[in-house]
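Chains A and B supply the protein sequences, listed in that same order. FYI, the numbering for the first sequence is 1 to 310, going by the working numbering. FYI, the numbering for the second sequence is 1 to 310, going by the working numbering.
By construction, these hints were calculated from the structure, which means they are not laboratory data. Keep in mind the model is a prediction, meaning the values are calculated, not measured. Be a bit skeptical, because a hint or two may be false.
[As the list claims (entries may be wrong)] Label-pair ranges, simulated between beta-carbon atoms:
1) 3(B) to 263(A): 54 to 62 Å
2) 152(A) to 96(B): 32 to 40 Å
3) 8(B) to 168(A): 29 to 37 Å
4) 264(A) to 182(B): 53 to 61 Å
Beta carbons: idealized from backbone N, C-alpha and C, even for Gly.
2 protein chains.
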Amino acid sequence: MNEFELIGKLTRSLPANKSLVTGAGDDCAVLDLGIPDRLVLFKTDAVVEGFHFTSETPPEKVGRKALGRCISDIAAMAGTPNSALITLALPRHYDLDYVEGIYAGLGELARKFDVSIAGGETTTNPERILISISLLGTVEREKCIFRSGALAGDAIFVTGELGGSISGKHLDFEPRLTEAHWLRDHFAIHSMIDLSDGLAGDLRHLLKASHVGSELMASAIPVSREAKLASKAESSAKPPLLAALTDGEDFELLFTIASKDAVPLLDGWKHQFPKVKLSCIGKVTAGEGINLRDKQGIRPLTAHGYVHLK
Amino acid sequence: MNEFELIGKLTRSLPANKSLVTGAGDDCAVLDLGIPDRLVLFKTDAVVEGFHFTSETPPEKVGRKALGRCISDIAAMAGTPNSALITLALPRHYDLDYVEGIYAGLGELARKFDVSIAGGETTTNPERILISISLLGTVEREKCIFRSGALAGDAIFVTGELGGSISGKHLDFEPRLTEAHWLRDHFAIHSMIDLSDGLAGDLRHLLKASHVGSELMASAIPVSREAKLASKAESSAKPPLLAALTDGEDFELLFTIASKDAVPLLDGWKHQFPKVKLSCIGKVTAGEGINLRDKQGIRPLTAHGYVHLK
Numbered sequence: 001m002n003e004f005e006l007i008g009k010l011t012r013s014l015p016a017n018k019s020l021v022t023g024a025g026d027d028c029a030v031l032d033l034g035i036p037d038r039l040v041l042f043k044t045d046a047v048v049e050g051f052h053f054t055s056e057t058p059p060e061k062v063g064r065k066a067l068g069r070c071i072s073d074i075a076a077m078a079g080t081p082n083s084a085l086i087t088l089a090l091p092r093h094y095d096l097d098y099v100e101g102i103y104a105g106l107g108e109l110a111r112k113f114d115v116s117i118a119g120g121e122t123t124t125n126p127e128r129i130l131i132s133i134s135l136l137g138t139v140e141r142e143k144c145i146f147r148s149g150a151l152a153g154d155a156i157f158v159t160g161e162l163g164g165s166i167s168g169k170h171l172d173f174e175p176r177l178t179e180a181h182w183l184r185d186h187f188a189i190h191s192m193i194d195l196s197d198g199l200a201g202d203l204r205h206l207l208k209a210s211h212v213g214s215e216l217m218a219s220a221i222p223v224s225r226e227a228k229l230a231s232k233a234e235s236s237a238k239p240p241l242l243a244a245l246t247d248g249e250d251f252e253l254l255f256t257i258a259s260k261d262a263v264p265l266l267d268g269w270k271h272q273f274p275k276v277k278l279s280c281i282g283k284v285t286a287g288e289g290i291n292l293r294d295k296q297g298i299r300p301l302t303a304h305g306y307v308h309l310k
Numbered sequence: 001m002n003e004f005e006l007i008g009k010l011t012r013s014l015p016a017n018k019s020l021v022t023g024a025g026d027d028c029a030v031l032d033l034g035i036p037d038r039l040v041l042f043k044t045d046a047v048v049e050g051f052h053f054t055s056e057t058p059p060e061k062v063g064r065k066a067l068g069r070c071i072s073d074i075a076a077m078a079g080t081p082n083s084a085l086i087t088l089a090l091p092r093h094y095d096l097d098y099v100e101g102i103y104a105g106l107g108e109l110a111r112k113f114d115v116s117i118a119g120g121e122t123t124t125n126p127e128r129i130l131i132s133i134s135l136l137g138t139v140e141r142e143k144c145i146f147r148s149g150a151l152a153g154d155a156i157f158v159t160g161e162l163g164g165s166i167s168g169k170h171l172d173f174e175p176r177l178t179e180a181h182w183l184r185d186h187f188a189i190h191s192m193i194d195l196s197d198g199l200a201g202d203l204r205h206l207l208k209a210s211h212v213g214s215e216l217m218a219s220a221i222p223v224s225r226e227a228k229l230a231s232k233a234e235s236s237a238k239p240p241l242l243a244a245l246t247d248g249e250d251f252e253l254l255f256t257i258a259s260k261d262a263v264p265l266l267d268g269w270k271h272q273f274p275k276v277k278l279s280c281i282g283k284v285t286a287g288e289g290i291n292l293r294d295k296q297g298i299r300p301l302t303a304h305g306y307v308h309l310k
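Work out the full structure, taking the sequences as your base and the hints as a guide.
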């Protein structure tokens, strides 16, 4: 049973009260706590030594990544992060400098995005460091962007370049908060998600939530330089397009918008964010799943974010 | 460096924005997110296999305990819990029935207190199960009770009986939410904290936050039957009074109130909660620290929650 099947099983009949707008199944939980013009966004995310970072990773980058992942989820709903709590599970004989380094990295990113570190706790996890972050944010009531709003005919866009994040970007990425706010304020974005599990996997989440399908143009998918280099360096590495489709931790935004808005969006974006790529990679269709079009024709991607090319 | 020294070091200069009312240093963080008549309470707490429960603990009790600890913290600020996120860190080959049992226990307690389980995530922790809960609540703006409001002359009260929680209560305790709301609605409670680290340790947190001291009457401290039995059963066990002062995980409420209100409070409580003990255990004093009075006279308790009797 993979992570998503487990979550599906566990979340089938969870308790809910009248404040809950959206529970499990979007980038953040959405709550109505009675703020006149805003909804509350609530997110939790953990990084674990040996999986999301190693004992060799500079601690500032570990802290930065842990918080950055959560900010990226708030961005994906067009919200503004507000306050974080930090749970730090440490071996008994931890290195105090390393722990202070984690907090330094966390703190720097928090200041940049005006997020309070409102507290947290330390506990014991003897074998490895685990950092769990809870982040609260808010979003204008009428401007929250869900995964579930994609419509057949929408154009599908992605920010940045994809794949090969493991070579460094997974520690250094910039959560696309400014970009998400600009999109929210200038265009009618129908649906949005951040890319943490890989383009194919996360697009599938969005399509499923919206009850639609998609057709991607292979040539339009922005493959990162790192994915291309990795593929050249090692014959056993993924082909670059496969890396762009299935590598995790890109932390870019994937969103859909009425196709009539696609050209004005690209024009405006180029002017606003000259250094950040924006690519139209395909369109939303009736039906389900992801179809990939390339020179050889069109074929479905298989489940779970993986694609068998050849 | 113990947990509190580490937290003190890490929290010395944390980022804060204008929403933050109280950060690290009370039972919950307190935020002003613009709800007209209410503040937001934000809490995170983790339980770890081998420390807070064992692989033999029934999973329903593990889930119940994990959420109950957080609800107890919301109660200690006179708030109402609203929504929780669950982070479940699991070994690769977990037992699905066990994990479903954890969720069943969580869900049952959540329903009882009308708390939404709004989502969360699963991640990998190869050696042991770790469950981190984030809980959001709210509290009336004028009725939030902090640790820092104790005044010299206050009477000090504690609910329930203390010590020996390890023999079962740490898994079965009832968060004192109903009692906290009744106290809030009927009396001017000056300060409150929940007992998770033991009476002496938590009272010390409250006194420090309020810049006052205290005098406890040894004979008034409500020692649990379990603490007495444990002491009889084993000569190496703590004496019962020491257990009541220093055992953790009582999850009772400790609070202070003007001494003139002590008798009406005891009368009202007996009528409202005939099955829950309420004890006046001493008084708040100018000065600092905890002094314990018994037949032999009065003497200070040493730091860190431990007391050397004889």
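Verification of the hints:
1. 3(B) to 263(A): 54 to 62 Å: Holds, since residue 3(B) and residue 263(A) (Cβ atoms, about 57 Å apart) stay within the stated range.
2. 152(A) to 96(B): 32 to 40 Å: 37 Å Cβ-Cβ, so the 32 to 40 Å window holds.
3. 8(B) to 168(A): 29 to 37 Å: 34 Å, holds
4. 264(A) to 182(B): 53 to 61 Å: 59 Å, holds
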